[in-house]
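**Q** Single-letter residue listing:
Protein chains: 2
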Amino acid sequence: MDLRPLLAESETKILFVVADGLGGIDSEGRGTELEAARTPNLDRLARQGATGLTYPVAPGITPGSGPGHLGLFGYDPVEHNIGRGVLTALGINFDLQPGDVAARGNFCTLNSDGDVTDRRAGRIDTRECRRLVEMLREIRLDDVEVYVEPVKEHRLLLVLRSKKNTLGAEIDNTDPQRTGVPPLEPHGRDENSQKTARMVGEFLTQAREILAQEDPANFVLLRGFAQLPRLASFKESYGLNGCALAGYPMYRGIARLLGMKVVDCGPDLESEIEALEAAWSDHDFLFLHFKDTDSLGEDGDFEGKVAAIEELDQAIPRIMELRPDVIVVTGDHSTPSAMASHSWHPVPVLISANTCRVDGVQVFGETACAGGGLGHLPAKHLMTLALAHAGRLRKFGA
Amino acid sequence: MDLRPLLAESETKILFVVADGLGGIDSEGRGTELEAARTPNLDRLARQGATGLTYPVAPGITPGSGPGHLGLFGYDPVEHNIGRGVLTALGINFDLQPGDVAARGNFCTLNSDGDVTDRRAGRIDTRECRRLVEMLREIRLDDVEVYVEPVKEHRLLLVLRSKKNTLGAEIDNTDPQRTGVPPLEPHGRDENSQKTARMVGEFLTQAREILAQEDPANFVLLRGFAQLPRLASFKESYGLNGCALAGYPMYRGIARLLGMKVVDCGPDLESEIEALEAAWSDHDFLFLHFKDTDSLGEDGDFEGKVAAIEELDQAIPRIMELRPDVIVVTGDHSTPSAMASHSWHPVPVLISANTCRVDGVQVFGETACAGGGLGHLPAKHLMTLALAHAGRLRKFGA
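Here the protein sequences come in this chain order: A and B. For the first sequence, our numbering gives the first residue as 1, with consecutive numbering after it. For the second sequence, our numbering gives the first residue as 1, with consecutive numbering after it.
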């Protein structure tokens, strides 16, 4: 629901500590990673607070990082999907503007018949990617600025920008998703997108000529055409001066999309906490993103993820010295190391504040949280709960 | 949400074991029927899996079999209501076609003033019903085929079929729902339904003449006019080759409505399991329906329902020899024997799969499931969860 009519002035501060991919499953008879970890400080917060499990999108749906974070920030992640092209741009700190059309690209290999033989051109390394991108930057199109950016390995970003703001991103992928067939022509699904698709077609024609003599990467496949979604800013939605402490570009990008201040800091927890301390007095919503829990889960490293959770736990006393009025500790989704990928399993959450209804849960873990006082709820409700616990929401109705 | 963009190819198999009316309430200080039953095999599945409680429609809503099963199969049961006429047709294996208008009928008794004196004509027996239906089959209408079918006791089915496909089912009941008043005239609420209502009126005029000398059943009351709902098939919705093992016609009919293969089998569990074994290799979604839990609950037979649950439990090891990748055991609604009827109480569910987050629940029962890791959730999410646990859903968003 629209919280704006309910927003109350307050000096309170809300802190979201987001351990990416926090949730797990038991694969070794020791419980989940969070349950196996020694977490006296998180357990104390859980004991003094209220706990539960969240669905980032819906039961059974495995979220990407975009939907996972939009949900945490109270934006319905189905209604406001961030396209892959935009997410790629955010992930490399590209300064995407409203109206730009962004697509994610792969360098690929075509045979002499023009059929795709390798959709990733043998996963060329990032240096080679940069060299080829340099070549593609020669491409000029009428009426539109073209940006080509290297990403990682065979991946690149294409952005088209028009001053007339008449581009459309309803364009089908040119990546056929299999080998032995030619790349698809870009096809627009509405008038502006058809016009834009013709520009993309011209880009591809030039790219083909430029890369013709290269090996193995002699062409480009595009997918995930997207424009910046129209999202009400954090300030507008909640009256909060938000600030993100996040070392990784994608999470910085999502925060920027919501109009949060994004502080420069390293990707390690120590740097993020230093930045948190520096930013504390000037903001009333602070989002600290901890990446290692997800990375190690994706690596299938149970012990590593346990250790990362313990590292976060050890930082909690220092974080609590800042005296947030409300602290929320949770994840944007689960990343069980047993699955080495994001998963659909609901995510443990704790809220600690003076205004909590303490629920009797003694430890911070998935099994305990399943019986917690917050119940099992869509993640998008956490922002409302945080605002409420912070005394920032007035009564609804008389 | 629409799962189609997320569907992934997989060889995995999903089995739904639906014990009709499974949920109960405690009436004898022994817990519910499921809790009183000795169920070592279901308990083991619960221990190895994740459990919860489902709302078939919404909290406090008692579902019929149609909504109960639509919810289990992931179709919103409020959005896609199956009308009573259609359900009656499905229940007697009538081959209803898209566009047909079906209504449920009662033989009734009118006095000489034309007022209803008995809405069920003294509950005439099924043989008498068949004889009277034979007489009504003489009725011919212009532009439309008429089918009259006996159901049970005083109940019958009326179906109108037009090749022009211009019939409407927005027709009010002619059953006044009380005695001492005349039957209502059929009244259509839109243009096609008004035209159809006039045909129904002509049918009733002829029926009145034909039955005039009969006693006690000398007329017909109609209600629940309905057409087949437009439902995306199971294959289309989930990419699954579904197969139903169900002895009772109504459940077979609902499965057929969703495009599942419906295997001929007896109504007893042994026959259904044999059919399950035979159908196993050719399908990737199998729905086994067990009716006795509901029938005995409806009879108010606590001990009988306990015994039925124990019979199902004893069959679990044989079923598990088929090695489903995901097994879901649940009901379509509760039928507490203490109430001798369907009820609104949420329904216990267990999911067992390699990818489960085990939730510490030790036994399969309502009280234990209330604290399970799946939480309390609308039944329509179970299909999403089953697909997720089966590795059949890709990540949502990047």
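Treat the hints as calculated values from the structure; they're not laboratory data. Remember, predicted model here, so these are calculated numbers, not experimental data. Glycine included, each C-beta is placed from N, C-alpha and C at the ideal position. Worth double-checking, as some hints may not be accurate.
[Stated by the list, open to error] Computed spacing ranges between beta-carbons, pair by pair: (1) Ala340(B) to Arg394(A): 30 to 38 angstroms; (2) Val181(A) to Ser281(B): 53 to 61 angstroms; (3) Tyr147(A) to Ala232(B): 39 to 47 angstroms; (4) Ala398(A) to Ser27(B): 36 to 44 angstroms; (5) Glu79(A) to Gly122(B): 38 to 46 angstroms; (6) Thr179(A) to Arg318(B): 51 to 59 angstroms; (7) Arg130(A) to Gln362(B): 36 to 44 angstroms; (8) Gly300(A) to Asp299(B): 51 to 59 angstroms; (9) Glu321(A) to Ser27(B): 52 to 60 angstroms; (10) Ala232(B) to Val78(A): 51 to 59 angstroms; (11) Ala398(A) to Ser112(B): 56 to 64 angstroms; (12) Val181(A) to Glu274(B): 25 to 33 angstroms; (13) Glu191(A) to Arg161(B): 39 to 47 angstroms.
[What the hints assert, rightly or not] Here are the simulated DSSO-like cross-link-like pairs (lysine-lysine), alpha carbons at most 30 angstroms apart as the crow flies: (14) Lys152(A) to Lys163(B); (15) Lys235(B) to Lys195(B); (16) Lys163(A) to Lys235(A); (17) Lys235(A) to Lys13(A); (18) Lys395(B) to Lys261(A); (19) Lys235(A) to Lys164(A).
**Q** Hint numbers the structure violates, sorted upward?
**A** Hint check: 1, 2, 5, 6, 7, 10, 12, 14, 15 fail, others pass.
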